[in-house]
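For the protein sequence lines, the chains are F and H, in the order given. Heads up: the first sequence begins at 1 in the working numbering, then just goes up one per residue. Heads up: the second sequence begins at 1 in the working numbering, then just goes up one per residue.
Keep in mind that the hints were calculated from the coordinates and are not lab data. A virtual CB, placed ideally from N, CA and C, is assigned to each residue, including glycine. Any given hint might turn out to be false.
Claimed, not checked - Chain F regions said to be covered by chain H (calculated; three or more residues, Cβ under 8 Å):
#1 69-79
#2 126-137
Stated by the list, open to error - Part of the chain F face toward chain H, derived, beta carbon under 10 Å:
#3 103
#4 106
#5 107
#6 108
#7 111
#8 113
#9 203
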Amino acid sequence: MFDSDDLYDDFEEDCLPAGQKTIMTQNIIKFDMLARKVIEAKEQTGYGLLGIVTAKSGWGKSIAMRYFLKNVPRRPHTGLPTCIGIRVKPQANPRVLLADLYKRLGERAPRRLTRFNIADEAVDIIRATDLRGIFTDETNQLGADGLEFLRYIYDKTGCSVIFVGLPDIMTVIQRHEQLDGRIGYELQFLPPTVDEVLDTILPELIVPHWVYDRTSEADRKMGQDLWTHARSSFRELRMLLVKASQFSVDLSETPEEARITPDILPLVYARRYGRQISLSQHEEKAQPDPPQTDMAETQSDQAETQPDLPQTNYEAESKQRHDAKKKKEKPGEDGEDEQ
Amino acid sequence: MSSDLQIGKGLLNTPLTIEMYQHIHATALQRTIRGLHLHAVPNHIDVEQLKQLATHIGSDGCLIHPYDAERIFAGVTLETFQTIRELYCSRLGRSIAMVHRILQILCRQEGAPLPTYEAVWAICLYLEKRRRESVDVSVARTIGAWWIGKLSPAVRIPVEKDAFYLPGIFCIIDMHTQHMLAFRIAPLDTQAESIPLVLYDAITAQRQPHPFALAGLLWQLPRHIITEETLLPACSTICKRMGIQVETTTRTQPLLEILRGTWASGLEGRILPRSQCAAILDSFLERIHGYGPVRESKRHDEAFAHAQGYNQDPAALFPLLRALLPERNGIITEDGLVIDGYLRYTDELLRFWPRAQVTLRHSAHSTNLAWIFLEGEILCQAEGLRQVRDGGSI
């Protein structure tokens, strides 16, 4: 029997912990809209489309995709949803993609495959399962033959493909003229605004010992600080909170009293930049100041995500490029680089 | 070398011994008493009288006088015997009357004396064991009955630009396993042709290699078929000849209910090519019910690819199956060809009946093969020729 988990690979990294609901960010809403437009194009107009979604690492692409796939209803005549997701394996070729396709659709792959019939086998299985859309996560891992394979099955079946990947996939797609011309919708994730982080994301985050009240000025301050250090990345935000949660238990009188407070967070930031501070040192020094170099870095990051600062991708990217240039100019100043 | 051939040819033209003729004829009479091929018995033989005679004086009552044997078997040589054996003991399953008809034409062609019908009949019955080896099939009866039903999803199947038909999906279900053994998608009004075809598909899909089976294959047939649709008398007759009882019903099967409800609802209003509609149904059956007939058939084909008999045309091995294939009319041309649309079939026997009306049944597995019937009797298995187009290209 086909299980809902089969819609997409179960990568621990992309799984939300028990009890954590998907937080409806603007990016997730936009992703949902794009995916629907692309997938329904064929049915509504008779013509299929391709779509592309790009975002930096940790900005929630995979979560958005997973959320969309989880909410796709099953169709009675196939027992399958309209679309599936494939997480592209490193250096995946068409054969690997086909194997993933079969796996996602709960079918046994044919034994005899030659490089000549791989694409046609994919076409057959897509037609037999009446599939309307394929999401490819980590599209950056695909080589030219993989992209060509996906274009072939799209051309042959009209099954939409939505490429999800890092922003640099755009340069690869643009190089493939045939593919570029078929892309109907494009979405570049923007980093969430500080307001969205403070009012929507942080209150709904479920991490042990994380208690956040959006109406509390102290909590908002802590949240702002936290988001600055997470550098607009959900993955980094999660990592900071996980570590803060552990520290809060270590430092509390009893585990029950553990709570992530503004006092704990500097430890996490310090650990992130310094990475040399031992727990015992922290215990002795309840509120250690982060090293000067780290502070400089932190301030630079803070500036990047202030609500009144540029929010378009282009501008955000320019800022980051500028920061990166600065880092290059001052080697050794960044604790991370030293590692 | 040449002298050997001379001797060989001489032998072939040698009549058999009177004792041999007597033995052949007596064997034929004994088999007739046992009820074999009663419809083919020469008119002058009274089977009832023969049975009484045999009861009174035993098998000696079947022995004819040497004078009669010589008269009946006049012109029958070793070559005649061998030709009859070749014609009668083949998987084609020719009737005795057809063997006699072919033999007469062959003899006329070569200016040889025409053998009597009684001689041909006697030799055929004498060779009956050999024929059985050629035409018989090994059958195992399935536990459950088979069920014939029809689905009519609200989809349209395109045939050409802007032309569609409403399909009927004719299915066969094994009642014991609730597996759909076969299905056919065809226009709703082709039920008479589609049901025998889906039955053909189900039977061929259930054949399996077996080391002790005749021709290497074991055919799984049910004892009963229960049908929601009315079968044509011809189809019921074939079932009966296969030892299958047919019963009509107004009930249905759980699997068909699911397909008529859930499955069909998902396709409502769609325009789907026939192949895709079939693939979607097969995929659904495989996923939800664990048995997709098309996929299962492919797996069998892969697994049994090297098994004896498995790669041969099923209808060539199981003569009764041919009767389930659709019938078409044709005429034998002066060149000994039967033309059906753009397909042309040939066989060396066809040239003996120019301008004759025939019927042909195409192989379901290869367009290169068809069985030709003359006046309802199987004449030959003809092979397809590639059509030469006007420009001379193939």
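Now for the hints, and whether the structure bears them out:
no., hint, result
1, 69-79, "holds (count 5)"
2, 126-137, "holds (count 4)"
3, 103, "14 Å, violated"
4, 106, "6 Å, holds"
5, 107, "7 Å, holds"
6, 108, "8 Å, holds"
7, 111, "7 Å, holds"
8, 113, "13 Å, violated"
9, 203, "40 Å, violated"
Of the numbered hints stated above, those contradicted by the structure are hints 3, 8, 9, listed in ascending order.
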